[in-house]
Every structure is written in C-alpha cells, then in structure tokens.
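There are 2 protein chains.
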Amino acid sequence: MTPPAQKVTPISGFPELLPAERLLELHFLDTVREVFELHGFAPLETRAVEPVERLLGKGGDADKEIYGIRRLAGEDTGRESELGLHFDLTVPFARYVLENAGKLSFPFRRYQVQKVWRGERPQEGRFREFTQADIDVVDVGTLAPHFEAEMPLVIAEAFRRLPVGEFRIQVNNRKVPEGFYLGIGLTDVAGTLRVVDKLAKIGPEKVAAQLVEAGATDEQARLCLALAGIRSEDLSFVDEVRALGVEHPVLDEGLDALAAVIRAGTEQAPGTLVADLSVARGLDYYTGTVYETQVVGNEEWGSVCSGGRYDSLASDGRTTYPGVGISIGLSRLVHLLVTKRGLTASRSTPAAVLVAVVDEDTRARSVAVAAALRARGVPCEVAPSAAKFGKQIRYADRRGIPFVWFPGAGDDDGDQVKDIRSGDQVDADAATWECPAADLRPGVVIPQH
Amino acid sequence: MTPPAQKVTPISGFPELLPAERLLELHFLDTVREVFELHGFAPLETRAVEPVERLLGKGGDADKEIYGIRRLAGEDTGRESELGLHFDLTVPFARYVLENAGKLSFPFRRYQVQKVWRGERPQEGRFREFTQADIDVVDVGTLAPHFEAEMPLVIAEAFRRLPVGEFRIQVNNRKVPEGFYLGIGLTDVAGTLRVVDKLAKIGPEKVAAQLVEAGATDEQARLCLALAGIRSEDLSFVDEVRALGVEHPVLDEGLDALAAVIRAGTEQAPGTLVADLSVARGLDYYTGTVYETQVVGNEEWGSVCSGGRYDSLASDGRTTYPGVGISIGLSRLVHLLVTKRGLTASRSTPAAVLVAVVDEDTRARSVAVAAALRARGVPCEVAPSAAKFGKQIRYADRRGIPFVWFPGAGDDDGDQVKDIRSGDQVDADAATWECPAADLRPGVVIPQH
Numbered sequence: 001m002t003p004p005a006q007k008v009t010p011i012s013g014f015p016e017l018l019p020a021e022r023l024l025e026l027h028f029l030d031t032v033r034e035v036f037e038l039h040g041f042a043p044l045e046t047r048a049v050e051p052v053e054r055l056l057g058k059g060g061d062a063d064k065e066i067y068g069i070r071r072l073a074g075e076d077t078g079r080e081s082e083l084g085l086h087f088d089l090t091v092p093f094a095r096y097v098l099e100n101a102g103k104l105s106f107p108f109r110r111y112q113v114q115k116v117w118r119g120e121r122p123q124e125g126r127f128r129e130f131t132q133a134d135i136d137v138v139d140v141g142t143l144a145p146h147f148e149a150e151m152p153l154v155i156a157e158a159f160r161r162l163p164v165g166e167f168r169i170q171v172n173n174r175k176v177p178e179g180f181y182l183g184i185g186l187t188d189v190a191g192t193l194r195v196v197d198k199l200a201k202i203g204p205e206k207v208a209a210q211l212v213e214a215g216a217t218d219e220q221a222r223l224c225l226a227l228a229g230i231r232s233e234d235l236s237f238v239d240e241v242r243a244l245g246v247e248h249p250v251l252d253e254g255l256d257a258l259a260a261v262i263r264a265g266t267e268q269a270p271g272t273l274v275a276d277l278s279v280a281r282g283l284d285y286y287t288g289t290v291y292e293t294q295v296v297g298n299e300e301w302g303s304v305c306s307g308g309r310y311d312s313l314a315s316d317g318r319t320t321y322p323g324v325g326i327s328i329g330l331s332r333l334v335h336l337l338v339t340k341r342g343l344t345a346s347r348s349t350p351a352a353v354l355v356a357v358v359d360e361d362t363r364a365r366s367v368a369v370a371a372a373l374r375a376r377g378v379p380c381e382v383a384p385s386a387a388k389f390g391k392q393i394r395y396a397d398r399r400g401i402p403f404v405w406f407p408g409a410g411d412d413d414g415d416q417v418k419d420i421r422s423g424d425q426v427d428a429d430a431a432t433w434e435c436p437a438a439d440l441r442p443g444v445v446i447p448q449h
Numbered sequence: 001m002t003p004p005a006q007k008v009t010p011i012s013g014f015p016e017l018l019p020a021e022r023l024l025e026l027h028f029l030d031t032v033r034e035v036f037e038l039h040g041f042a043p044l045e046t047r048a049v050e051p052v053e054r055l056l057g058k059g060g061d062a063d064k065e066i067y068g069i070r071r072l073a074g075e076d077t078g079r080e081s082e083l084g085l086h087f088d089l090t091v092p093f094a095r096y097v098l099e100n101a102g103k104l105s106f107p108f109r110r111y112q113v114q115k116v117w118r119g120e121r122p123q124e125g126r127f128r129e130f131t132q133a134d135i136d137v138v139d140v141g142t143l144a145p146h147f148e149a150e151m152p153l154v155i156a157e158a159f160r161r162l163p164v165g166e167f168r169i170q171v172n173n174r175k176v177p178e179g180f181y182l183g184i185g186l187t188d189v190a191g192t193l194r195v196v197d198k199l200a201k202i203g204p205e206k207v208a209a210q211l212v213e214a215g216a217t218d219e220q221a222r223l224c225l226a227l228a229g230i231r232s233e234d235l236s237f238v239d240e241v242r243a244l245g246v247e248h249p250v251l252d253e254g255l256d257a258l259a260a261v262i263r264a265g266t267e268q269a270p271g272t273l274v275a276d277l278s279v280a281r282g283l284d285y286y287t288g289t290v291y292e293t294q295v296v297g298n299e300e301w302g303s304v305c306s307g308g309r310y311d312s313l314a315s316d317g318r319t320t321y322p323g324v325g326i327s328i329g330l331s332r333l334v335h336l337l338v339t340k341r342g343l344t345a346s347r348s349t350p351a352a353v354l355v356a357v358v359d360e361d362t363r364a365r366s367v368a369v370a371a372a373l374r375a376r377g378v379p380c381e382v383a384p385s386a387a388k389f390g391k392q393i394r395y396a397d398r399r400g401i402p403f404v405w406f407p408g409a410g411d412d413d414g415d416q417v418k419d420i421r422s423g424d425q426v427d428a429d430a431a432t433w434e435c436p437a438a439d440l441r442p443g444v445v446i447p448q449h
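Chains as they are written, first to last, in this note's numbering: chain S, 1 to 449; chain L, 1 to 449.
Isolated chain S (complex conformation) (with noise of 0.2 Å):
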C-alpha cells in the first residue's frame, strides 16, 4: 500500500505558505471580510471557470494569460476544451449578474474573495494563482455616482485595521485626462493615455519624445505632463486643471465627478484619499472613476489595491449594467509584508492551550478539561503523548502556544495552569478560567527596526 517515493519540488507561481504566514494571511482575509460585511455587501462565490470567449472577450490584455483546462481522460468534445480559469473576480461577477439578473435586488452590492490564474511569467510578487479580495456595486440601467466615493473609502476603513502601515488611495477620473486630450487636440485618447501611463517607469522627458513621435507638438506634450503632475488631497486640483486653460465638456464632466469623491472622502476620511491626474490604470474597461492604492514607503510595490467604474460592466443586448468597483491584491500584500517587512504570526496553531498528559491511562481526563475550556471558546489541544512535561512544554514553545494546563498538578488533586512565556504557574479551573484576550487568537507579529 505504500506509494512510491515520489521528489517534490515547488511551482514557480504557485506560492505556498508555512502555518504562522497563513494564519497571518487569514487575519486579512477575516479582516476585510468583517468590513465588507459591515457595509451590507453581500458574499458570493463564482465558479473557478468561463468559457474561454467570455475571458479573451475584454480586449487582448497580454498581462492575463489564460489556463485553459481540459479533462485528461475524457474524449475531447470540443465544449470542454474550451473551458479556462478566470483570471480576474470581475468577469466572472458580470456574467453571473446577466446569468442571475431576475433573482437579484439592484442596486446589488457584492463582496467576493477567491483565488484567480494568471499565466504570465512569475515574477517578485507576481503570482501565476493568487488570492483578491473584490467589492462591487452594480445597478440597473444608471448608477449613482455616491458609489464611486463609498468603494475606496470601504477599503480605507479595511486597511486602517490591517497592520499595513500608512498607504495612500489614488483617485483620478478617466474624464478628465480623455476630456483635456480631447480640449488640446490629441483625439487618440488610448494611445495618448496608454504612453503618459509610463510615466513612474520612464520619466517626463521618454514620455514626452514618445508623445511628439506619436504625432504631438512639443506644446501638447507639455500640457499632457503637466496634467499629469497635479496631485492634492484637497478640492485644489481643480483650479490647477483650469490654470492650463483647457477646455472640453468632457474634462467638465470628469472634474465634477472626481471632486464629489474626494469631497467625500475629505468629509468622511481625512487624508485618505489623493486626487492624482497621473492613474490611468492601463488599458482596462474602466470609463470613470479609477483607483489606485500605493503603501506609503513601498511605492516601488505598485498598487496593492485598485478598480474604477465600468458604464456597462455587463449588457445582454437590452439591459446594461454599470457597476463600480475595487479589489484587493491580497495575496500579493501579505506576500510583501511577509517578505519585506517580516510580519507573522505570533504562534502557528490557533491553539491557545495545550492540556498535558500525565499518563496515557488518564488521557481521558485531559480530553474532558479541554472539552471544558473548548466549550468556553478557548482553542486547545491535548498533549499527543505522555512524555515528560518539559517535552510537553517543548511542544508548546515549538507552536508558540502560550499556555500549558498540567491536570492534577494543583492542590487537592485541582489542575494548574503555566504560562510558558513567564513561568508562572497558578491554580485554575477549566470552567472559570480566563484566557487573556490577547492570547485568544494568534496576534501579529510586526518586527520593529
């Protein structure tokens, strides 16, 4: 019955983490989880698979390379063939809004975390299976611009209980660089926008030969890069928009919309959000509002955390569905954090007490005290084995359980309890005694420099 002996050896991409990283990793996930629920956005869960159409359907992104699947033994019906991994929430949310329109109450407020498949090269933290965190609110017909201002500032409230540190959320309207391009003569709005959004990687000057090679003047050039260094947390953006001395409807359009979401944002959540003309978010299905979020101190990361506003994230050829959203990359955060910054988690089993054995013959005992403490919510486990106490202890410490319960140990044959961090060792009863709170669930670890 034993199988062969068989060589392991990771996949590029496909990262896996050690227990204390992943208990870390579910500290974000039931973090933003909690957050997203506070604010009434409902769960849902997409099926891992679209048709391939439906995915190479957004426009040819080389950046998400798609898996398809096919079933190994199966004959190949040229249907399942056609099947890939999605690699985005996004998609996958649009077509199961179309699919489920009739059963659903718009303005429909939705919150999905799954893992998604990427076939690009892997790279620093850039993951061919990874974990996002997604938002969106999609309605009927029209959506309310309010919901532009609500989505970044959900993700606020999320990262400022996340040990993430300070970070910053990029707001810029596709209106308004479309609309001022458009105001100065440059009707090649994609490809104007697709060269200044190279901005961080290249610097002014490559940005500025490539637009005049693309057909720009050297005034034109100026005015794009100009636009694109305007940046405030307050309303000031405005004006400085308006000291180039551009004109458009459309810019008009733009800078109402992006001023009603930082005045929100000011209102609600000072300093939080930044008005930054320079985010564009390449070449994706935005045609509002979009969003960036960058870590203050590891800007070099990229965006940890972005969206926008689609008009029609999904039509049927009757109805169109507008929707606005966000999503974080969160695998990749806690990748980073992990890496860069050397968070985890203080123990790597949720076990706050490991109850000893004092011999097997009385194993049964243990097992009840833990039953007592597990039933007044404290995570434990009994001792595997009856070994000495200080290899039961040593067992502990390996964990970083912070507690050990010795059965009969106290007087009268009463039980105590010995925090392995200090030694002390006091009298308890299973039924009444306190965990620390703090010592309830694995806390963070954040190492200080």
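Note that these hints are calculated values from the structure, not bench results. Just so it is clear, the structure is predicted and the values come from calculations on it, not from any experiment. Hints may be right or wrong, so weigh each one.
A pair holds if it fits inside one copy or across any two, identical chains being indistinguishable in the list.
Stated by the list, open to error - Distance condition first, Cα-Cα at most 20 Å in a straight line; then the derived EDC-like pairs of lysine to aspartate or glutamate:
1. 115 x 30
2. 391 x 419
3. 115 x 88
4. 201 x 256
5. 115 x 34
6. 115 x 129
7. 115 x 16
8. 198 x 252
9. 388 x 359
10. 103 x 21
11. 198 x 360
12. 115 x 45
13. 206 x 188
14. 391 x 139
15. 388 x 139
16. 391 x 360
17. 388 x 360
For chain S, the structure is supplied; the task is to place chain L on it using the hints.
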C-alpha cells in the same frame, strides 16, 4: 467601450449559489472552521495544481478524473502541460508535508477548506467543482492510535452545531474484514472488499453470488455477509464477530483498534459513533480505521463525511509519515440541505439595518449614522437613493433586512428605527442602539413540515 452582448449559460457540474444560499454555506464554513480551530488544527491552503504524475500516483481511480491545465498563449514547454487541478485535499497535503517537513512540528494537525475539481459525469449532488473541509493529523514514523478516535468526534462536534439534524458516523477498521477474510481462507482481500462494498447497492443475494463466482464457497460467502451485517453503538460488536468463530492475528488487531475508537466515542459523545462492519471505503488508500457519515432519514444521500487512517500518507524513501484524516463534502451537504430540505438564510445580505436617506443633500447624515452603527459592530447599508420611504422600506424588505433607520424622524430632530417585520418604530440613537443579537447576522431558516 461596451462589450458585445454575450449569451450566458450555466456549466453543468459547476454550480453557483444565490446570495442567501451563499450566506447559508458561509455559516457552515464558519462553523466547521471554528470547531477545527478550537481543536488546535492549523489552517493550511495548498496550490490548486499538482503535477499530473502525482495526481495519477494514487491508483487509477476512474471516479477522480483529472483536469489538466495549460497556458493558452504559451508555447507548450512540455512541463506546464503536466499540471492538473487537485481532485482532493489529501494528495496535495501529503506533498506539502514532504516539501515542508523540515519546517513543520510533528505531530502536525491541519485543517484545509478548499475547492477541488473532478472531471466525472455530473449528476444530482455530484459536482465537477466543489468545496471540501478536511482535518488530518500526520506524524513521523508512528502515529498514536488516540488520534483515530479524535477525528470523528471533532466532526460530530461540528455537525451538532449545524442544521443537519440527526447524523451517524460509521466506523470500521480495514483490518477487521482483512483478518476475517484471511481467517476463513479468502486471500484476495481487496477483491472481496470490493464485492462486499456493493452490499447497500445490490443486496446480499447478489453479493453472495459474486463472491462465489470469484471462487468463494457458499459458507465463506455466508460468513462475509454475516460480518458485514454487524453494527453496534457499543462494544458488543466484538462478541458478535467472535461468535462467528474466525481466528486471525490481523482480525484481533483490527478489533482492538476499532474497540478503542468506539470506547472513546461512548465516553466522550454517546450515541454518535457506530461500529459498522460493512464500511469499506472502496478502493481508497486507507490501512486501518475508516469513517463514513450518514444523515439520518437521508441515507440515500450517501456519506457526507468520510476518511480514515493511512499508514503511509507520504514517504520520501527514508521517512514515512502515517496519518489519519476525515473530509466533509461541504458543497454537497449544503446543496442537499438547500434542495431537499429547503434550508436557506434569513436574508440575502449581511446588513441588519438600512439607513434611509431623507434627501440627497442630507446623505452625509445617513452615512454618519451608518458609520456609528458599524463602529459598534452592526452591519448596515445606506439607502441607494432618497426615494419615498415606502420604496426604501421595500428595498430593505426584498433583501430581508429587518430594520430601517430614519434620521431626524423623532422629536427634536432625533432618529427613529423601525422593525419592518412588526412595524414597530421607536426613538433611537446610533451611538447606543442595541441590535437584537438574533438579528445581527443572517440566521438559518429551516422549513417546518
């Protein structure tokens, strides 16, 4: 920017839930996780893919047809084409243990709740994508037998907290039939097990006929059926087996081990475990104790939670890792409870309160009320538009949100809150209002017959 209208059709075997159903599934997921963590199992997640060679390694079980994955855009390197989606969580866990053995502390207790994929023919309650919830304990070299009693008792604790009604965990030990068959002179143990395993499906006459066809005498076939007919909630099964007059050292070993599990069950959770000598767990790789779980009154659903002991979960050629584990077929269980028993959640959103908006100019006041409620842990949502109150109340009602909050509806510009089920409307302050505990989270609705 509008994508073309696309037809949407469900994909057979890849079910998706509506929000209220997903809230019910989350209740199950949260409950099993809580119980697993109370018992000190560490959370673990493995990548979705394994080398196909490893997936195929565990015997050619045709029930577990594998989905291969490949990058649609990538040149076929001959390496990526060899990856497949995992069909269970045991094979990846065994690989993870080998890969990380140096970083884990043994015995290692982990739980794992993840999607798995099987390319089998979809049918009622059988999916191609579904969630499993597993616990396992694995050790180095040898594994203490008390873990074999612990596994089903953890599951029983989880099931007692879930709305599954009465259930029964059947336990057997592979060594009992193995030793028994050897004791009566049937040396093809696997072949005999395979035939006896069909008992529930084809009945005793056909089993006897097939055993005889395979070379057994009538008396041997009779004894096999007599053994498979034994079940008891206490230790009386031992005497019943002994009464058949068969002797073999492997039988003795199996009876001792099974008696130890059943004894722990009668001590710690009377009436939960049943020794059932017909349980064989098909062709799986178990070597000792095996488990199956029936929902009483719906035995036709088959086992909703199964597992067992494997003497060699993993091996790297030098070291062997024995383990014992059990796996809840969670999607399947929830699907059956939803479709066969009509279970659902009491609402389709986590929100307990809808904060009404009097007019768009005072939306900020409603947003502030919502923030105050959330700060005290009350999930809520602000009305999407300042529609007539009747329409706002209907918005809440359609989603099952029990309370609607009216800013400024009380005396002196104070607020009021309405329970839309009873129609009661009372003065309330968001800084002090207590949401009834039963309404804070969506509840489970079990139809009465």
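Against the structure, the hints:
1. Taking the shortest Cα distances, residue 115 and residue 30 sit within 20 Å of each other both inside one copy (16 Å) and across copies (19 Å).
2. Proximity of residue 391 to residue 419 under the C-alpha cut-off of 20 Å is restricted to the intra-copy arrangement: shortest distance 15 Å within a copy versus 58 Å between copies.
3. Taking identical chains as interchangeable, the C-alpha atoms of residue 115 and residue 88 lie at most 20 Å apart whether they share a chain (8 Å) or sit on different chains (17 Å).
4. Proximity of residue 201 and residue 256 under a CA criterion of 20 Å is satisfied in neither setting, with 29 Å inside one chain copy and 70 Å between copies.
5. For the identical chains of this complex, residue 115 and residue 34 are intra-copy neighbours only, at 19 Å inside a copy versus 22 Å across copies, given an alpha-carbon limit of 20 Å.
6. For a Cα distance limit of 20 Å, the shortest separation of residue 115 from residue 129 qualifies both inside one copy, at 7 Å, and across copies, at 14 Å.
7. Taking the closest pair of Cα atoms, residue 115 and residue 16 come within 20 Å of each other both inside a single copy (13 Å) and across two copies (16 Å).
8. Within a single copy, residue 198 and residue 252 get their C-alpha atoms no closer than 25 Å, and across copies no closer than 74 Å, so neither meets the 20 Å cut-off.
9. Taking the shortest Cα distances, residue 388 and residue 359 sit within 20 Å of each other inside one copy (9 Å), while across copies they are farther apart (71 Å).
10. Taking the shortest Cα distances, residue 103 and residue 21 sit within 20 Å of each other only across copies (12 Å), while inside one copy they are farther apart (39 Å).
11. Taking the shortest Cα distances, residue 198 and residue 360 never come within 20 Å of each other, neither inside one copy (67 Å) nor across copies (39 Å).
12. In this assembly of identical chains, residue 115 and residue 45 lie within 20 Å of each other by CA distance both inside one copy and across copies; the values are 10 Å within and 11 Å between.
13. In this assembly of identical chains, residue 206 and residue 188 lie within 20 Å of each other by CA distance solely inside one copy; the values are 18 Å within and 77 Å between copies.
14. Proximity of residue 391 and residue 139 under a CA criterion of 20 Å is satisfied inter-copy only: 16 Å between copies versus 61 Å inside one chain copy.
15. Taking the shortest alpha-carbon separations for residue 388 and residue 139, only the inter-copy value of 19 Å comes in at or below 20 Å, while the best intra-copy value is 64 Å.
16. Taking the shortest Cα distances, residue 391 and residue 360 sit within 20 Å of each other inside one copy (15 Å), while across copies they are farther apart (66 Å).
17. In this homomeric assembly, residue 388 and residue 360 come within 20 Å of each other (Cα to Cα) only inside a single copy, at 12 Å, whereas the closest approach across copies is 70 Å.
When each numbered hint is compared with the structure, violations occur for hints 4, 8, 11.
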